[in-house]
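Just so you know, the sequences run in chain order A and B. Basically my numbering = 1-based index in the first sequence + 5. Basically my numbering = 1-based index in the second sequence + 167.
The set of hints was computed from the structure by calculation and includes no laboratory data. Where hints are given, some of them may not hold.
[To be verified] To spell it out: a stretch of chain A is covered by chain B in this simulated footprint if at least three of its residues, at any positions, have a beta carbon under 8 Å from a beta carbon of chain B; those stretches are:
#1 29–38
#2 47–56
#3 68–77
[What the hints assert, rightly or not] Not close to chain B: a few residues of chain A, all C-beta gaps over 12 Å, as computed:
#4 A7
#5 V8
#6 Q24
#7 L26
#8 L41
#9 V64
In this text, a Cβ means the ideal position worked out from N, Cα and C, and glycines have one as well.
In case you want the letters, here they are:
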Amino acid sequence: MAVDIELYGQILPDAPRRQTLELEDSTTVRGLIARLDLTSEEIGLITINNVQSELDDMVPSDCRICFFPYVSGG
Amino acid sequence: MRLLRVDMQTQQVKWEPVRPVYEHLGGRALVARLLLEEIPPTCDALGSENKLIFAPGLLGGAGVTAAGRLSVGGKSPLTGGVKEANAGGTAGDALGRLGVKAVVVEGQARQGEGYLLHIRLDSTDLQSAEKYKGLGTYATSDRLQEQYGEDCTVISIGQAGEYLMRGAGVSVTGEKDQRSNHAARGGLGAVMGSKGLKAIVIDKPLGRAISCVDEGLLRSAARTFAQKLINDPKLGTQGSQHLYGTASIVAAVNELGSFPTHNFSRGSFNDAENLRGEHLREVTLSRGGQTGTRCMPGCVIACRNVFADETGRPVVGTLQYETIALLGSNLGLNSLDDVARLNYLCNDFGLDTIETGAALGVAIEAGLARFGDLEGILSLLKQVGEGSVLGRVIGNGVVATGRELGIHRIPAALGQAMPGYDPRSLKGNGVTYATSPQGADHTAGNAFGARKEVNPLGVQGQKELSLKLQIIAAMLDSTGLCLFARPPILADPQLMVDMLNGIYGWNWTREDLDHFNRDVLRTELEFNRQAGITSADYRIPAYMREEPLPPHNSVFDVPDSELDSIFKEL
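This is chain B alone, in the form it adopts within the complex:
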């Protein structure tokens, strides 16, 4: 495999062999190691010393179901620490098939200049992206696919990334006309904008998946893995995830009192019925939209939907749980049509819906609109794309918005907005938010699925649960595996060991895999330590320890000592 270095200052691109120290790494693990070794952790995240990395996971390109996610990484302008965000679509698979271990974007173009990186099997170069400047991600993707072919992959930023907004993500296209898979979190779209990189086009690789040391071992393990996903009651063709998408959990999270509502002031939303996955499916199918489609080639879970308006015109795909929580109940909106409109704009501007939904919630609390007032909220969100002063404040995320508007109820940890689980009623997630080197990120260790193991409202066992989940998440993010595909691997880690050994011939054991997973976290924690991040930066905001959250009137009461000692046994 090869590593592609892109120097934005000189516009030179250079292929180089993968150094032995990086050979066993992929996705999030590779991001962490590259950042620790190659950039000063104290650097300006939007300056020339930061690097922006695109890396498929270790399974990328090998034809394993649900394993084609693309990791995007760099120092986060939002958290000030290490950041990896990943997305579905076709990029992870395409880069893997092209034998690309990582694309490392370095330096910065001259101010005002924008470039497009075109990756092909035989030649790769940087071209002017002047004509795409100021476009949203939909138009950018459409135009680039018109020019380079409808089967190429487009990775792009919208206006938010160009404006260097800390709430900006990176958009990735999928099969056919599929749009808007987002490596959303942590402001990596702003890092891409700071480099002067508007988009990357990856030609569709021809031929089969990457070569494997032991094809039989890989295929056998991959088949078993896929079959177990199909047989899983949550994930198979009759499973909730497939039928209702990630929105399948709306009702359950609402019922358990952890559904962010009115700027995280309540844990259940009276009008949640209209936001449920069941309702989403019914409305989508009745209007001619789609459910049960894939965000990655060959995924057997197929939890993606395409939400259509009343005329049957597709509005956005996919409408996800997190977006429904942060742009729906959190803003007092009880209509999926309203959420879809906001979702479309966020996608087009290239904004993280979690960060932006949280920022809008704070803006409403500051009196700039009313909860449930779609027009008022739309007017605020449109300003982000227009780049007005207020729009830039909101686009810079929930912490910036709270500080500028004088609101102290800011649902964030390590500078990053909390996703769709209030930590007061799902305390395992609170521990993850307050300890993950990624900041408040449910994908770093989501305790919702483990609610039967540990009482979501209790303190006991949350630290141990979060640690276990964080170690697993590190593996998922480093292998390119979707978060939802974890059950078979949790039940039998040997499946992952066999798939990796089949591809690479490493002769790993389960212990080696566990060591690998833990090392990802160690590396990230070390980066953050060297970046100057302290325990004070990681904390859950004080108001969540003091203000009871209805309906359980719970507070986040996991002691700081538990949080500070979570990685002692790592």
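Chain A with its partners taken away, still in its complex shape:
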């Protein structure tokens, strides 16, 4: 399954901001983070298809998943 990934802010500054990843097996958000060489400590907010998500949520097929750093209200 294909997953569109978007990185924001100072997360992995040298990595492309957008990428599409082909996943052979189902995985959790936590598993995806590990594949991206990210650590959960640098992630403040995760959304899957516009909905706030958590580390142990399963990644659905053909979704868009965004990783944000810690941010507070404006």
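Let chain A serve as the given structure and place chain B on it in line with the hints.
Same frame as chain A, now just chain B:
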């Protein structure tokens, strides 16, 4: 400390000792108490009975980082209730160092007369401000600093305040040539205009910060507080707030579907990419602008930017999230350059960008311009500064604009425009908008930062969350602390207790602090009750309960019974 009373009718200024009942109060808490005790709550907000108050917070002048905000207060001509709006810059610190608990401006000058209040350590007086009449806040600040020295603080209104527009705010200068920190909300610029007060100049105080009862306790707590801010992943030197400013949340709010778009008809903007904090930083740095600067002396967060145009000329500082939302996506504009131009004009006229952005959104819905049409929008905004009939309608805010133009989708609560979070997809903020004695104001209790505690789209827990946040906001606004500096205090309220005890020797406990915070809200609610405000005035507009907001197709469905009972446990 002393209290300065300024009688605009007689042009007399008088210093008086602080009454014991006010000694424990500062900033928003002092505003609320003074208003409840000294003005008839039913008075005309733009009449002689209203009072305009300038007050540093309890930490003002004590050299605590991020704690130099200035509270401006009075009865709001926009909400008809109590109003406190605060701003960064150097005013809060300067007044605190001068030992000024508050400046209370009373009465009204004769119609057509304008005055300047000059506050010095040794003498303070009112002078004619005739030559500054009709000037915007930039020119007013520039000229006054030329005359009184570049290190003085200037508090001023622009044309909007002089025209008594309900969308007018109060502008405060900062260090060096920094401009346009705004106590923007609630029409307090119009109250200042109604007094005949064009500006206040505060000489830079010489010497150290105010004396403290227990210097060691204050410094120890203040150091820990500053270090915790620096270590915070959101706020430190590698944090989003520092790197990208308040615009760091554009992408997240847009992604979560709460980003006001096209007059609050959608919760996400297709072109948000160009409005993001990341883009703001990239553009700013590539053009020779600035990021990571301070709006208050000694702030370790330093989230302010100076946005420059393509030639590298500074346009506006700071370009903020709320402005980007209300003057950007809400108007269908996808360029930071466009937003910056509108922002500059609002700042110069002395207008609240939230109120004005919302009013322009309604004007567009009425067909006066098109979404995304910068020239059309500029033409409407320029009319506000010129004082045309249409300009005066827009300058009077979103409710006035909607009523005059026959638009019923008016994003407001208690007469005040909603800030940059649509309450249908961030329902905790909806509860704050619909219950805060300040009206629709995210700084009164912003649930965005608590999105992990309570599902932003759900109903469950929103009331409790908003109440908790409103109590905390009351503390921040009363101590002069920036909203963004709250995490260390939330994690350890003893830090605030120690800083206050260090300065004042009150021997407060955490319970005392909590009681103090709650009492601010109680006092404000009582003022509004006596002003005749009812639950009907506080409500979220009906269309937001009926019209689903894409992309979640959510409506604001927190029951009225929840809203009406929020302060039962206060």
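Status of each hint after checking the structure:
no. : hint  : verdict
1   : 29–38 : violated (count 0)
2   : 47–56 : holds (count 6)
3   : 68–77 : holds (count 6)
4   : A7    : holds, 19 Å
5   : V8    : holds, 16 Å
6   : Q24   : holds, 16 Å
7   : L26   : holds, 18 Å
8   : L41   : holds, 18 Å
9   : V64   : holds, 16 Å
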